[in-house]
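Colleague: Residues per chain, in single letters:
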Amino acid sequence: MNGATEIPAAKGKIGMGRRRLANKAAFVWDDMKRNKLAYLFLAPFLLCFFIFIIVPVLSASLLAFTRFNSIEAPVFVGLHNFKVMFTEDIVLMKYVIANTFFFAVFVGPVGYALQFLMAWLILQIPKKLRSLYTMAIYVPSIAGGVMMSVIWVIAFSGDRYGYLNQFLLYCGFIDTPIAFTQSSGYLMGVMIFVTLWSSMGVGFLSLQAGMMTVDPQLYEAGKMDGIRNRIQEIWYITIPAMKPQMLFSAVMGIVGALKAGGIGVQLSGTNPTPNYAGQMLQNHIEDFGFIRYELGYATALSLMLLVLMYIINRACFRLLGTKEDE
Amino acid sequence: MLLKKRLKKLYPLTVPDGLRLLFVTLYAIMSVIPIIYIFNTAFKPLSELFLYPPRFFVNNPSFHNFYDLFFALKLSVLPFSRYVFNSVVVTAITIIAAVVISTMGAYSLSRMRFPGKDWIFSVIIISLMFSPEAVKITRYLVVTKLGLMNSYSGHILPHLALPICIFLIKQFMDQIPRELSEAAKIDGASEWRIFATVVVPNVKPAIGTAAILTFQAVWGDTETSTYFMTDESMKTLPYFVQTMTGGLTTVVARQGASAAAGLLLFIPNLIIFVILQRCMINTLVNSGIK
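Same order as they appear, the protein sequences are chains A and F. Heads up: the first sequence is residues 1 to 326, going by full-length UniProt numbering. Heads up: the second sequence is residues 1 to 290, going by full-length UniProt numbering.
No wet-lab data here; the hints were simulated from the structure. Hints should not be assumed to be uniformly reliable.
[What the hints assert, rightly or not] According to the in silico footprint, chain A covers these stretches of chain F (three or more CB under 8 Å from chain A): (1) 31 to 43; (2) 102 to 112; (3) 124 to 134; (4) 159 to 165; (5) 237 to 243; (6) 263 to 277.
No experiment lies behind these values; they were computed from the predicted model shown. Glycine included, every Cβ here is placed at the ideal spot set by N, Cα and C.
Start from the sequences and build out the full structure, keeping to the hints where you can.
Modeller: Given below as structure tokens:
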């Protein structure tokens with residue numbers, strides 16, 4: 001037991017009601033004073049955390065109800081921003097929500113399944129090769145957004161110098177080069193491909209680490225209990241045994257997928273993307289916040305994004321979280 | 001015969017194992033091809049860059065692109081070295097500061113008891129679920145209000161609050177036996193001393209992981225340069241590369257130089273990961289959320 005020594009409970013029991021409450025407050029205050037050091041250790045982190053995460057989130061939930069252009073003082077407008085969002089913002093309704101939804105539904109589960117599959121497959125291969133393979137698969141995720149646009153912009157370049165175009169021309173599939181990142185028909189596909197390519201990040205490593213720690217005895221026990229193939233093994237032993245890591249990488253995956261939404265702008269080089277084909281909630285926020293300076297409306301959108309992230313994550317907790325009795 | 005036996009011992013593969021190996025290999029190749037491609041493009045001389053049909057591999061590697069990057073681009077507003085300098089300074093300070101405050105915070109959350117502890121930890125878990133990008137606008141306002149525009153603190157401070165670092169270090173620290181620090185306590189060591197000499201050496205892998213994650217978050221980040229810096233001389237390398245590739249979408253001009261710049265951005269990342277890979281896997285063993 002560090003720092004705190006428990007105060008004997010006998011000190012209480014004197015009064016009831018208000019007195020008890022005051023006692024409790026005094027007790028907590030004493031406790032806090034005694035643990036000065038603990039707060040001191042935590043203070044630098046908490047300070048940064050408070051200023052750059054808590055304050056922005058809180059002020060977003062206030063600014064979302066105002067009209068604000070960053071020059072004049074914000075004016076309270078009630079639910080106006082949300083009304084506009086749902087009734088007048090045609091771009092949002094017609095493109096952004098559909099895109100974000102499509103992208104998330106595709107990249108989220110597919111990316112997650114791919115992460116799990118790769119982590120599992122890597123554990124099956126000889127130990128000597130493992131770290132080499134892990135590195136090869138992890139590398140795209142550290143290439144980062146900038147590197148990504150350097151690579152893929154060249155590969156998907158719209159003229160015949162682009163590698164994909166060159167390949168397709170060479171094989172005779174097409175007669176004229178396709179402007180992949182500029183045409184609305186292809187941009188989304190390219191975005192999904194690029195994001196999946198780079199999705200093997202911390203989540204993937206965490207899954208791999210989780211799988212390594214599953215007790216081998218469990219597998220033996222499972223065999224005796226009649227588990228016949230690898231699929232059953234994964235379903236009945238591996239997944240339940242590594243639920244905490246599954247949850248962690250799901251959370252990382254969701255955050256990553258919604259973060260990666262900006263890739264469309266990087267690939268096409270314009271915000272808004274051509275015909276809004278790759279426009280995501282993120283880009284829409286940037287468009288309103290930093291291009292049109294309608295900060296009130298843009299924060300309302302950010303608030304929606306936060307709520308969205310929270311809801312999806314909660315759903316994951318429901319699905320993967322360990323129950324009380326486990 | 002003997003060789004076959006030895007091979008079998010080294011790689012005890014059966015047929016389905018072989019299939020799996022093939023599958024991972026294909027995926028791994030697909031992951032690295034673009035990276036290999038950038039390596040090649042960065043060293044392509046001008047004549048090969050605009051060759052038609054384009055070639056994947058470089059024939060006569062040259063440093064022309066790097067030369068272009070370092071010297072020819074001097075004609076633009078600022079020398080290339082200024083961006084590199086900014087990036088290095090910002091990244092180095094951020095990593096050190098982030099690692100120190102995350103480790104201290106994790107120590108407090110893992111080893112001490114105090115009112116509000118559980119509450120603080122659950123807020124940190126919830127914040128793991130948000131990407132800070134979602135509140136770009138209000139973060140921008142906070143940075144402006146604090147007067148951090150066009151200063152190195154504007155690059156550094158917003159990156160210090162990385163919930164994932166404190167989370168991972170805390171989870172790792174929870175696995176270190178308490179007896180260790182209790183013994184030190186009985187010997188009369190102060191809390192600071194226990195922290196610095198008993199606990200920190202034992203959580204090195206987690207600290208390494210935090211360092212990698214911070215590095216990755218900061219080194220490639222363009223956001224702070226784009227939104228918090230209006231002065232060109234305060235911007236960082238990734239921002240510079242981004243502006244170079246911005247006009248690249250349909251034309252191939254500056255392709256070589258931007259590949260070279262992209263490579264320069266990527267190499268440190270790769271080196272650090274290769275060195276600290278083991279740390280990372282070790283740490284992530286404890287990465288679960290319960």
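Colleague: All hints, please: hold or fail.
Modeller: Results of checking the hints against the structure:
1. 31 to 43: Since 7 is at least three, the answer is holds.
2. 102 to 112: holds (count 8)
3. 124 to 134: This one holds; 10 residues, not fewer than the three required, reach chain A with a Cβ under 8 Å.
4. 159 to 165: Since 4 is at least three, the answer is holds.
5. 237 to 243: holds (count 3)
6. 263 to 277: Our answer is that it holds, as 7 residues pass the Cβ test (under 8 Å) against chain A, meeting three.
The structure shown violates none of the earlier numbered hints.
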